[in-house]
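Residue numbers (this note's numbering), protein chains in the order written: chain A, 1 to 498; chain B, 1 to 498.
Please keep in mind that the hints were generated in silico from the structure rather than gathered at the bench. Careful, some of the hints might be misleading.
A pair holds if it fits inside one copy or across any two, identical chains being indistinguishable in the list.
Below, simulated DSSO-like cross-link-like pairs (lysine-lysine); rule was C-alpha separation at most 27 Å, straight line [to be verified]:
{"hint": "1", "residue 1": "Lys363", "residue 2": "Lys58"}
{"hint": "2", "residue 1": "Lys363", "residue 2": "Lys229"}
{"hint": "3", "residue 1": "Lys265", "residue 2": "Lys255"}
{"hint": "4", "residue 1": "Lys415", "residue 2": "Lys497"}
{"hint": "5", "residue 1": "Lys58", "residue 2": "Lys47"}
There are 2 protein chains.
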Amino acid sequence: MLGRINTTAAVARSLRLRSARLQPQFARVRAMSQLVEPREPSVVTSKIPGPASLASLKHLSAMQDTRAAAFVGDYEKSVGNYIVDADGNQLLDMYCQIASIPVGYNNAAILAAARSDQMATALANRPALGVYPSADWPQLLEDSLLRVRPAGLDMVFTSAHGSDANEIAYKAAFIHYARMRRSSGVFSAAELESVMDNRPPGSPNVAILSFSSGFHGRTFGALSTTRSKALHKMDIPAFPWPRAPFPQLRYPLDKYAEENAQEEKRCLAETEEILRSNPVPIAAVIVEPIQSEGGDRQASPDFFRGLRRITREHGVLLIVDEVQTGCAATGSFWAHEQWALDSPPDMVTFSKKMQAAGFYHTKELVPDQPYRNFNTWMGDVPRTLLTRAIVAEVLDKDLISQVRSTGSYLVSHLKPLSIRYHRLVSNVRGQGTFLAFDCPTPEIRAELLHLMRLEGVNMGGSGEASVRFRPMLTLTSAHVNVFVSRFESVLNKMYQKY
Amino acid sequence: MLGRINTTAAVARSLRLRSARLQPQFARVRAMSQLVEPREPSVVTSKIPGPASLASLKHLSAMQDTRAAAFVGDYEKSVGNYIVDADGNQLLDMYCQIASIPVGYNNAAILAAARSDQMATALANRPALGVYPSADWPQLLEDSLLRVRPAGLDMVFTSAHGSDANEIAYKAAFIHYARMRRSSGVFSAAELESVMDNRPPGSPNVAILSFSSGFHGRTFGALSTTRSKALHKMDIPAFPWPRAPFPQLRYPLDKYAEENAQEEKRCLAETEEILRSNPVPIAAVIVEPIQSEGGDRQASPDFFRGLRRITREHGVLLIVDEVQTGCAATGSFWAHEQWALDSPPDMVTFSKKMQAAGFYHTKELVPDQPYRNFNTWMGDVPRTLLTRAIVAEVLDKDLISQVRSTGSYLVSHLKPLSIRYHRLVSNVRGQGTFLAFDCPTPEIRAELLHLMRLEGVNMGGSGEASVRFRPMLTLTSAHVNVFVSRFESVLNKMYQKY
Numbered sequence: 001m002l003g004r005i006n007t008t009a010a011v012a013r014s015l016r017l018r019s020a021r022l023q024p025q026f027a028r029v030r031a032m033s034q035l036v037e038p039r040e041p042s043v044v045t046s047k048i049p050g051p052a053s054l055a056s057l058k059h060l061s062a063m064q065d066t067r068a069a070a071f072v073g074d075y076e077k078s079v080g081n082y083i084v085d086a087d088g089n090q091l092l093d094m095y096c097q098i099a100s101i102p103v104g105y106n107n108a109a110i111l112a113a114a115r116s117d118q119m120a121t122a123l124a125n126r127p128a129l130g131v132y133p134s135a136d137w138p139q140l141l142e143d144s145l146l147r148v149r150p151a152g153l154d155m156v157f158t159s160a161h162g163s164d165a166n167e168i169a170y171k172a173a174f175i176h177y178a179r180m181r182r183s184s185g186v187f188s189a190a191e192l193e194s195v196m197d198n199r200p201p202g203s204p205n206v207a208i209l210s211f212s213s214g215f216h217g218r219t220f221g222a223l224s225t226t227r228s229k230a231l232h233k234m235d236i237p238a239f240p241w242p243r244a245p246f247p248q249l250r251y252p253l254d255k256y257a258e259e260n261a262q263e264e265k266r267c268l269a270e271t272e273e274i275l276r277s278n279p280v281p282i283a284a285v286i287v288e289p290i291q292s293e294g295g296d297r298q299a300s301p302d303f304f305r306g307l308r309r310i311t312r313e314h315g316v317l318l319i320v321d322e323v324q325t326g327c328a329a330t331g332s333f334w335a336h337e338q339w340a341l342d343s344p345p346d347m348v349t350f351s352k353k354m355q356a357a358g359f360y361h362t363k364e365l366v367p368d369q370p371y372r373n374f375n376t377w378m379g380d381v382p383r384t385l386l387t388r389a390i391v392a393e394v395l396d397k398d399l400i401s402q403v404r405s406t407g408s409y410l411v412s413h414l415k416p417l418s419i420r421y422h423r424l425v426s427n428v429r430g431q432g433t434f435l436a437f438d439c440p441t442p443e444i445r446a447e448l449l450h451l452m453r454l455e456g457v458n459m460g461g462s463g464e465a466s467v468r469f470r471p472m473l474t475l476t477s478a479h480v481n482v483f484v485s486r487f488e489s490v491l492n493k494m495y496q497k498y
Numbered sequence: 001m002l003g004r005i006n007t008t009a010a011v012a013r014s015l016r017l018r019s020a021r022l023q024p025q026f027a028r029v030r031a032m033s034q035l036v037e038p039r040e041p042s043v044v045t046s047k048i049p050g051p052a053s054l055a056s057l058k059h060l061s062a063m064q065d066t067r068a069a070a071f072v073g074d075y076e077k078s079v080g081n082y083i084v085d086a087d088g089n090q091l092l093d094m095y096c097q098i099a100s101i102p103v104g105y106n107n108a109a110i111l112a113a114a115r116s117d118q119m120a121t122a123l124a125n126r127p128a129l130g131v132y133p134s135a136d137w138p139q140l141l142e143d144s145l146l147r148v149r150p151a152g153l154d155m156v157f158t159s160a161h162g163s164d165a166n167e168i169a170y171k172a173a174f175i176h177y178a179r180m181r182r183s184s185g186v187f188s189a190a191e192l193e194s195v196m197d198n199r200p201p202g203s204p205n206v207a208i209l210s211f212s213s214g215f216h217g218r219t220f221g222a223l224s225t226t227r228s229k230a231l232h233k234m235d236i237p238a239f240p241w242p243r244a245p246f247p248q249l250r251y252p253l254d255k256y257a258e259e260n261a262q263e264e265k266r267c268l269a270e271t272e273e274i275l276r277s278n279p280v281p282i283a284a285v286i287v288e289p290i291q292s293e294g295g296d297r298q299a300s301p302d303f304f305r306g307l308r309r310i311t312r313e314h315g316v317l318l319i320v321d322e323v324q325t326g327c328a329a330t331g332s333f334w335a336h337e338q339w340a341l342d343s344p345p346d347m348v349t350f351s352k353k354m355q356a357a358g359f360y361h362t363k364e365l366v367p368d369q370p371y372r373n374f375n376t377w378m379g380d381v382p383r384t385l386l387t388r389a390i391v392a393e394v395l396d397k398d399l400i401s402q403v404r405s406t407g408s409y410l411v412s413h414l415k416p417l418s419i420r421y422h423r424l425v426s427n428v429r430g431q432g433t434f435l436a437f438d439c440p441t442p443e444i445r446a447e448l449l450h451l452m453r454l455e456g457v458n459m460g461g462s463g464e465a466s467v468r469f470r471p472m473l474t475l476t477s478a479h480v481n482v483f484v485s486r487f488e489s490v491l492n493k494m495y496q497k498y
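Work the whole structure out from these sequences, hints included.
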């Protein structure tokens, strides 16, 4: 495939070069805002990573571990749904930095936010928001995170990334749990003494309940609730917190409706039994609307309504981890909106495509004293400025509708392909463009991802042998057509073999 | 004090307004780069927080807990060593966003980095650095974090903030600990099964040893090593990890030399006993060069050399937490440089003034497989762009020498004041401008901080009743003169009373 040059891209590149000569001072700024999405992928090296990526990774490997690197990105040239690598390969990106780029590379509105004076001030003067918040912070929160707050949750605790969003939510849950049981409102001498030695009653034995195959992050508290893969957890001490079974549905859903309903009922009953009788009391349950790292495992709205019901009945908080599902990818801004709960979750955590991270919560979850759930920065103003622009893009351009229609269009291709190539593709599932299918083995999945990349489509896996779609919210049916043609070509090649 | 207007500031403000009218398009940019530090503080409200701060906090309190807020910052107008609040008060800032602003508000070099095209690209296209690093990342690391790497530590793991820098360092320590003991190099069936249930042997009982009064962050792993205050830890489950005694030195150091040496010897002996016989084996020891949140507690280079010796003898890693002490404030770029160790620490963690966060380490601490110490973003390119500018400012302007001379000058005033006002100020101590003194009670400390703020100097406390100096690295003797005049005035007022 070496030497295969996409003409459109070559012309675009030459145009950019010409424009760059005009006004050297603003050359790069102009070049970026003039970037146009290629009409189709272009792969110009025989392997990915190509020689330029490899040279860059070699340089980097003296300073950081590079063994997980797929290729090196050229983010000045990446545009819209296309990531460009250091070798000039232009790949349709269906993985998007592990599901974390919302509205396209070098999106004009995001770049404008990045170049604003407000951004420069926020970067150059990072405030300790808990002590010296900036004057523009309240309005910024209103125009960004609060603009899309989940119904029933009026407050937001801002943090740095998904793991600590979850961890800080757990701390809020534990502080709340203790307050509900501390009639006096003051700490006892025994608590004050034992807590400095990490012993009960000050540091109590209380748990967060999570689900098999769930992923909630990598720091010690988050990792104690993560149950995705042994490699994520091995050799790291963990809290003795329990796990509940997550439903393993069979596809297609309509064919196995009754069996799946039974499976969900069984999982709910086991979950309730843990809430009732776990030796360590449970302060909160955390759940993903779609288990993402764990293999794109799903459950029905009925299951989640049941989970809300039993957590409420047992006085246990419900935390919905929308780090990967949030920000419109499932066809609603928050995936849990599709459950039609009759009372909201107690906390909803977010990060990734939102760029800012944290969790929404009710007033009841503010601790009884200040400084208890606290840290130096308490959030990230620059990322929240990006969130404001992202939320505006999503709402003003009605990208939620676009995600729904593009997702349906993609599914309408995936389902027939999963019949035609059933030895390679099964269990097509998902919501919006947050879709997935299974390969028969991890090795076949690896080969498929590898061949797709050489065909110009960057994709990612999840779980043991699943392929996950995590495109931008700006994906259109035209991109789907590009994807499908490359996908069919790869499936054809592979089908001869398996 | 209401109505007290600083003439210089008023003139500067009017000049800025005039300049703003000239070219509306670039008004704010110009205004920022034309900011000039006031010659002295100016307090125009009778209380701080003043009415504008209070109105902003009221707005914010519907969305976030504001009980820890001191006042609201106007970061467009803050300049150099002066923070300006929402009411127009101009305060000499000796606390600097909990020790996290390195080279002054709206520093021209930092603003230039914030406004660069490279910054805009990095913000608008946040990469998952572990999988798709950006082409400019290796050179950026060389020009920023690697430019000031501690001797002996050639690699750097980048993260988001101090807590997770420490947590990820702990994970590296635990993975290393297990590898040293796993002769086969492969995970056993028992490990693979138990780890998903958070049980040994997969999730082993291994510990990080930390010191009494130490502070290492607020997430669950970090918090299990934090021993600063009960309020930081209460109601949060913690790992059963031990704590060692940290020396409690007596001041002045020369008077109590022998007694202090004995105290350090005792603490080292107890630490070694824990390394030898703790029921849970210890993978690493973490220590701050100066315990900061815990009350500016110090130990001698001898103590730290002893700690390095015993950790090495017991095959235990040594992590130096330079989150607060790092970046030149103690008069060397890293505080631990002053210990003259004969072999380097195994890891050094950083955040705060560095703006980027993470830890330096040796090649030996890279896990045996990729994806083990991993997360979505694996660092923060925009903050590392700021780090490059910060490091250049520090090195090119030789701010380390300035910190040393300004620190000596400040101490030369504090020591006589601690004699003259000995009922209020004692135990003057520290290195560089990383200084502190003790007040007799928490209440007197609170009153002193309150009065200093009304005199136009923003300061912070640490520990039970200490006052800590955490000024910018750009503090000069002229600023010290301003501080000393206000400080004397406050001490005079208070001395009548106590």
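Checked hints:
1. Taking CA atoms no more than 27 Å apart as the test, Lys363 paired with Lys58 passes between copies only; the shortest distance there is 15 Å, against 50 Å inside one copy.
2. Proximity of Lys363 and Lys229 under a CA criterion of 27 Å is satisfied inter-copy only: 25 Å between copies versus 35 Å inside one chain copy.
3. In this assembly of identical chains, Lys265 and Lys255 lie within 27 Å of each other by CA distance solely inside one copy; the values are 18 Å within and 73 Å between copies.
4. In this assembly of identical chains, Lys415 and Lys497 lie within 27 Å of each other by CA distance solely inside one copy; the values are 21 Å within and 82 Å between copies.
5. For the homomeric pair Lys58 and Lys47, the shortest alpha-carbon distance inside one copy (16 Å) is at most 27 Å, but the shortest distance between copies (58 Å) is not.
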